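As given, the protein sequences belong to chains Z and D, one line each in that order. Using the working numbering, you'd call the opening residue of the first sequence number -19 and step up by one each time. Using the working numbering, you'd call the opening residue of the second sequence number 50 and step up by one each time.
Don't read these hints as lab results, they were simulated from the structure. What you are looking at is a predicted structure, and each value in this text was computed from that prediction instead of being measured. Errors might be hidden in some of the hints.
Cross-link-like lysine-lysine pairs, in silico, DSS-like; alpha carbons within 30 Å at most [unchecked claim]:
#	chain 1	residue 1	chain 2	residue 2
1	Z	K115	D	K133
2	D	K217	Z	K108
3	Z	K108	D	K59
4	Z	K212	Z	K224
5	D	K217	Z	K115
6	D	K133	Z	K108
7	Z	K221	Z	K188
8	Z	K44	Z	K188
9	Z	K188	D	K133
10	D	K59	Z	K(-10)
11	D	K133	Z	K107
12	Z	K87	D	K59
13	Z	K188	Z	K212
14	D	K59	Z	K262
15	Z	K(-10)	D	K217
Computed list of chain Z residues with no C-beta within reach of chain D, every gap over 12 Å [stated by the list, open to error]:
#	residue
16	E(-15)
17	S3
18	P64
19	D98
20	R149
21	G159
22	R160
23	S172
24	R179
25	R186
26	A223
27	E239
28	G255
29	N265
Heads up, the beta-carbon is just placed ideally off N, CA and C, and yes, glycines get one too.
Chain by chain, the residues:
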Amino acid sequence: MIRVENLTKKYAGGEAVRGISFSVEKGEVVGFLGPNGAGKSTTMRILTGFLPATDGQIEVAGAKLPEESLLVRQRIGYMPENVPLYPEMRVEEFLEYRGRLKRVARKEITERVGLVLDQCGLSDVRKKIIGTLSKGFRQRVGLADALIHNPPLLILDEPTAGLDPHQIRSFRELIKDLGRDRTILLSTHILSEVEMVCRRAIIINRGKIEASDTLANLAKRVQSGALQVEVKADPVGAREKLAKLSEVGGVVELNRVGEWVSFEVTALPGKDIRGEVDDLIKRENWPLRDFRREKARLEDVFVELTQE
Amino acid sequence: MTRAFWTLWKREAGAILLSPIAWVLLTCMALINGFSFSQCVAYLGQGVREFTVMQIYFYIFHFWFLLIILVPILTMRLFSEEYKTGTIEMLLTAPVRDGDVILSKFAGALTFYLLLWIPSLLGLAVFQVVTHNAVPVAWIPLGLSYLMVTLVGMLYLSIGLFTSVLSKNQAVSAMLSFTIIALLFFTGFLSYLVRDPGWREVLTYIFTLEQMRSFSAGQFDSRPVVFYLSGTLFFLCLTQRVMANRTLRG
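Chain Z with its partners taken away, still in its complex shape (with noise of 0.2 Å):
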């Protein structure tokens, strides 16, 4: 659905996006993580034909940008960042209007408008001014924008961003259930939102893919999570027993009460020392009253591959 090959882009004042090569397949959910201002938008922006790139092979829905640039636009439906709306224009009338524009067949105008303000739960508010709506609203009126002419893929610049927590959730059911018969691309900064909604993601940082893989694939490129034991045994040379394991990364010491003392054990990157600590604590014959693993989570593979 979207190939990218060497993608730049340069600005007068250095470059957004460095050589990136990535490709999302017909069918996917695909998260576009970065911190801010590391290309994502930028990025967007090209594969909707939006911006012209400085250089690089661009095909999205099986065209070429930027020749192709019309039929692309024809087959994306985009969400830009902020949801940019005129406000003095009813929801219903935006909607029309935007159908029309993207060269819905007169006939059934009526009908898709019908359609996807039911699917983006805007009819109760289809004859009300834009400029009146909250922002919640407003965003659903973005994605049915983008709804609106069926296209086979949706590119979505942080749909939901600014949104209050139950907004945020009805949204991801939205995106979800989508993504079901389309192709998505969908970049956001909430790491919890592409756990739950993608199969896969594309890290960037600094114009730079850092990384691209499914969600299960990436969270084993970090430590795995850290351990937790607490157990009825000498401080300090328990704490030395720990470290010597082969494939600990480190120890730390998280408190005593009376004759119990925890720590947090870290594993070396993609390492399980779950047996091997489990090993030693039966060896040691220690008493034993907590042993847990915090699983690792996409916000520390984020961090780790994106820290400076």
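Fit chain D to the given chain Z structure using the hints.
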């Protein structure tokens, strides 16, 4: 014309008519027009003149002053507002050609511009009723006058459209177009001062006031028509060039 053009034109004309600025402009225009028209009538009332009321009306200072001020106010928001609010991104990621966008904005502004001159026709109608049609309406000079108003408007609007695409700031684009239009308009007056006949010829060629005088007297000249149409085309093409290079905007 494409379907996209008509869709965009409808939205442009609608956006102008739904903005408060449109109604303020219409009211002010009607007010100033009425004032200047009554001055013309008062001038005629002083004795027998060799002019018709419309000839004076199109030559009088109020009319030109209004025209120079009006266009920048009308055009400043066309692109600047879309860049400022970001709606340009939404507009240009729809499958529409840059040309359709530019032409529809131009046509939308022109539509409203023409609407603004209707009160002046009403003035004439009232004049004819009150004077019991003492002097019959000279239709050809009247038609030519409004043709000239349209042509000048087209050139000025295209200048305004061009300066609007240059800046996100409406005040900046209004000031820029006002400057270009004013310079263009007042340069014509140099033809009174220049001695060199070659230069005088050139300056007369762009002297809007004189052209208006001959048109409102019923003398048609194709040179101004070519000048205004080619000038309009030139600025529309410039606008297109700037839009194609929107990378500059970051």
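Inset, instruction - Quick one: which hint numbers does this structure break? Sort them smallest to largest. - result: When the structure is compared with the hints, numbers 7, 10, 13, 14, 18 turn out to be violated.
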